[in-house]
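Dock chains B and C against the given chain A, drawing on the hints supplied.
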Amino acid sequence: MLADLVQNTLDGLAAGASYALLAVGFTLIFGVLRRVNLSYGPAIMLGCYAATWVHLNFQAGLLVLALTVVLFSILAGAYVERLCFAPHQDAAWAPSPASRQGSAIAAMVASFALWMQIEEVAMLALPKHLYAFPSLYDGGPLVFGPFTLRVEALVMIAAALAVCALLWRVLYRTRFGLAVRAVIDSAPAAQLAGINVPRVLMQVFALASAIGGLAGYLIAASHEQVTPMLGMWSTLKGLLAMMIGGLGSLPGAIAGGIALGLVEAHSQWFLGPQARDLIAYLLLFVLLAWRPRWMTTRSAS
Amino acid sequence: MSETLLEAKDLITAYGKIEALKGVSLTVRRGSITCLLGPNGAGKTTLMMTIAGILRARSGSVTFAGSNISSLWPHDIVAAGIALVPENRLVFPSMTVLDNLHAGAYQRRDAEVESDIEKLLQRFPRLKERSGQNAGTLSGGEQQMLAVARALMSRPKLLLMDEPSLGLAPLVVEEIFRIVAELHRDGTSIFLVEQNAHMALKVAHHFYLMEQGKISFSGDPGSLAEDEVIRRAYLGSAT
Amino acid sequence: MDDYTIGVLTNVGLFSFIALSAYLLLIAGEMSFGQQAFFGVGAYAGGALTAICGLPLPVAALGAMALGAGAALLVGWPALRLRGLYFAIATLAAAEMFRIAFELIHFQREIDGDLVGPDGTQGFRGIRWVFENGVEPGNYLVIVWGLLFVVMLLFLLVERSRLGATLRMIGEDPELARMLGVDVERFKLGIAAAAGALAALGGVLYAHHNTYVEPRNFDIMLGVHSLAYALIGGLGTAFGPLLGVAVDIGVLEGSRIFQGYRMIAFGGLVAILLVFRPRGLLDERIVHWIKARFASP
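Protein chains in written order, with this note's numbering: chain A, 142 to 442; chain B, 27 to 265; chain C, 227 to 523.
Incorrect hints may appear among the rest.
[Said to hold, decoys possible] If we take Cβ atoms under 7 Å as the criterion, some of the chain C residues that face chain A in the derived model are: (1) P282; (2) P304; (3) M323; (4) L330; (5) I331; (6) G352; (7) G360; (8) E362; (9) E398; (10) A454; (11) I490; (12) G493; (13) V501.
Honestly, the hints are just simulated from the structure, not real lab data.
C-beta: ideal position from N, C-alpha, C; glycine also.
If we strip away everything but chain A, and leave its shape as in the complex, we get (with noise of 0.2 Å):
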């Protein structure tokens, strides 16, 4: 029995770590926004598939597949920010709060509407329901005594470390950092400053695409496949990842991201997939009916 709970606690850090990752992205972007882009999971997605096509028809290592899911997702990012946010940024300066909400609706929907558009794309690409992925390693797991760990899961615990550091040094060890900081907390402060807001908001989507398709690889690698569901997927997780950590807080994305993970892990184990999916959407619904402090760091009207 402690046994199961312990290994059901390391897979479920390592899927919580990939959570985090992605919890992350839509924190940058949601913080220097306030908005939620839709299409995230499915630049991600894109970026995979494109180093699926890679991987069918070239000799590929793993860095340079892991490159192609990265570049790939930063220009399909790219793509989404100047169609379906940099055109409502404007509008984020409106005087009444209705017409200001308006514009994040419509951002919002133009962000669906593009993620539909994206998977279509890498749809007509690569038809078939699932592509095998390359693994990252093709020995077995690594086993202490009763316990195993993959090492594709030691690979995204070490790879979320390693993320969260970096942008720790980046966000408050740089000029660059200090513009998002500044962004997060008030856009039209840091315009008053004479920070570049657009330049950020262009930067800031790069950056969160990059954390991504980081994500998107090692989840591919550690699943040894893709699908079509892989977009809607890794929006959900994400999604439901920085909520549950409490919108807008990075680092409440990666305690959300790791929360989730443990949650999951344990509830499959005892109740199975289905009731693994209903308590981490209870546990959210729950979480936001109830609205405890540390759920409200930042407005997301």
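What follows is chains B and C alone, placed relative to chain A:
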């Protein structure tokens, strides 16, 4: 006659169909303190935001030190030498006082940023005490000082101030106006929107009255009896 | 009219119900990603009432609507206290919980030798009331559009009334509404219930049209689509959502040119449209203009 630093000509700024500025023209002379007075809703904040580039005028122009800045992005206007201390202060609440100041210097690439911060902290001792605190925990008066200090970090030639005394205790208000006079002595030109007409007239070299989107009076303090000015500033000329 | 066209037109009608459901909440200022839950409740409840309980379709439809309204209140009561994005995500979470619940329900009865009833992920087969009562596709089309016509009439009447004005004011400026004495919270609950009933009506009609539904039919895609239809068609009038549905299903489905590229075309068009018309095709401004032109000469 001193040189004209800023000139606005026939500015029309609208929110959708509602025109907040209906053709505003004014000038700010280099090395002066110019005041803009007027009742609530007259469009004073809209004018400041238009000059700072946050709102785009539908027609008309803004010229600064000879160049047309009407279609520039806000960050480029800061780079050109104008800084706005906005009506609601707009500090960065989750960032420290020091980081707020660093943000104000964002456009600068020179080596004197740190020494400027030192000097500003000397000038605003209360900020120095709280330099590691998050700006959101500061009192209203301290946030106002921070907003001014942040604007000064970009070494502006023209400082725009939108109602700096709003919501502050009388002693703090006096301190603010003392700082305004000091800044002017040190060479910054100042364009000031104020509700507190009495204090404003004490420091201004020139003032404008604005009502319902238009300039209704332009003159030096003394050209109009003070109580007349105050009446118009609060109630408008139609009364 | 051939069967294919009848099918397309019926689908446009069916999805209009859920699009109108999302639209109703949008004008009240709430963005819901979860109306598909009530569409599903209507489908499952309505199907159970006819196929298992043997009730006639009209009765089943009323029952489904009541359950839809009830489910909406259940979700709305905690969720409507949340602002903007939080509310949207809460509705998404709730809708997914409903969908998973559909996957977990196994309740079959033997009727006339067949097992009838929801069977988890396998779905709910045998909702055959329409066929057993000799309703032709053409007739069903008339029924669907007839009901839709009634609903539209109600919408248009409400738009002109004080109720409609209050509704729009709550969406535009809830503070003002509160100051004028409107119990905004109670009102929004009522709207949520009405929207739930509306979606459920669409659901029961949908189930009887297809004779078979499965939990996958009521996933997030349906929910976000409905929201998109409402927004694209335009928030100025109840015809907006219908237009949104018609454009997607009708035009793009009906014309074979876009076969295989439908979402690429539609997705791109929608994003571009929203840049220029963030309140949709038939937004308040255009509706105002149309009304002015057709007003007194």
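A quick look at each hint next to the structure:
1. Taking 7 Å as the C-beta cut-off, the interface hint given for C/P282 is violated, the closest approach to chain A being about 34 Å.
2. A hinted interface residue such as C/P304 counts as satisfied when its beta carbon comes closer than 7 Å to some beta carbon of chain A; here the least separation is about 4 Å, so the hint holds.
3. A distance limit of 7 Å between C-beta atoms decides the matter here; for C/M323 the minimum to chain A is near 5 Å, and the interface restraint holds.
4. Interface restraint check for C/L330: the shortest CB-CB distance to chain A comes to about 6 Å, inside 7 Å, so the restraint holds.
5. With a least beta-carbon distance of about 11 Å to chain A, the hint placing C/I331 at the interface is violated under the 7 Å criterion.
6. The restraint placing C/G352 at the interface with chain A is violated, with a minimum CB-CB distance near 23 Å, outside the 7 Å limit.
7. Taken as an interface hint, C/G360 does not check out: its beta carbon lies about 39 Å from the nearest beta carbon of chain A, beyond 7 Å.
8. At its closest, the beta carbon of C/E362 sits 34 Å from a beta carbon of chain A; the interface hint therefore is violated under the 7 Å criterion.
9. Taking 7 Å as the C-beta contact cut-off toward chain A, the hint placing C/E398 at the interface holds, the least distance being around 5 Å.
10. The closest approach between the C-beta of C/A454 and any C-beta of chain A is roughly 5 Å, which is under the 7 Å cut-off, so the hint is satisfied.
11. A cut of 7 Å between beta carbons decides the hint on C/I490: the least distance to chain A is about 5 Å, and the hint holds.
12. For C/G493, the suggested interface contact is upheld, since its CB lies about 3 Å from the closest CB of chain A, less than 7 Å.
13. With 7 Å as the threshold, the beta carbon of C/V501 comes within range of chain A, its nearest partner Cβ sitting at about 4 Å, so the hint holds.
Violated hints, listed in ascending order, are 1, 5, 6, 7, 8; each of the other numbered hints is respected by the structure.
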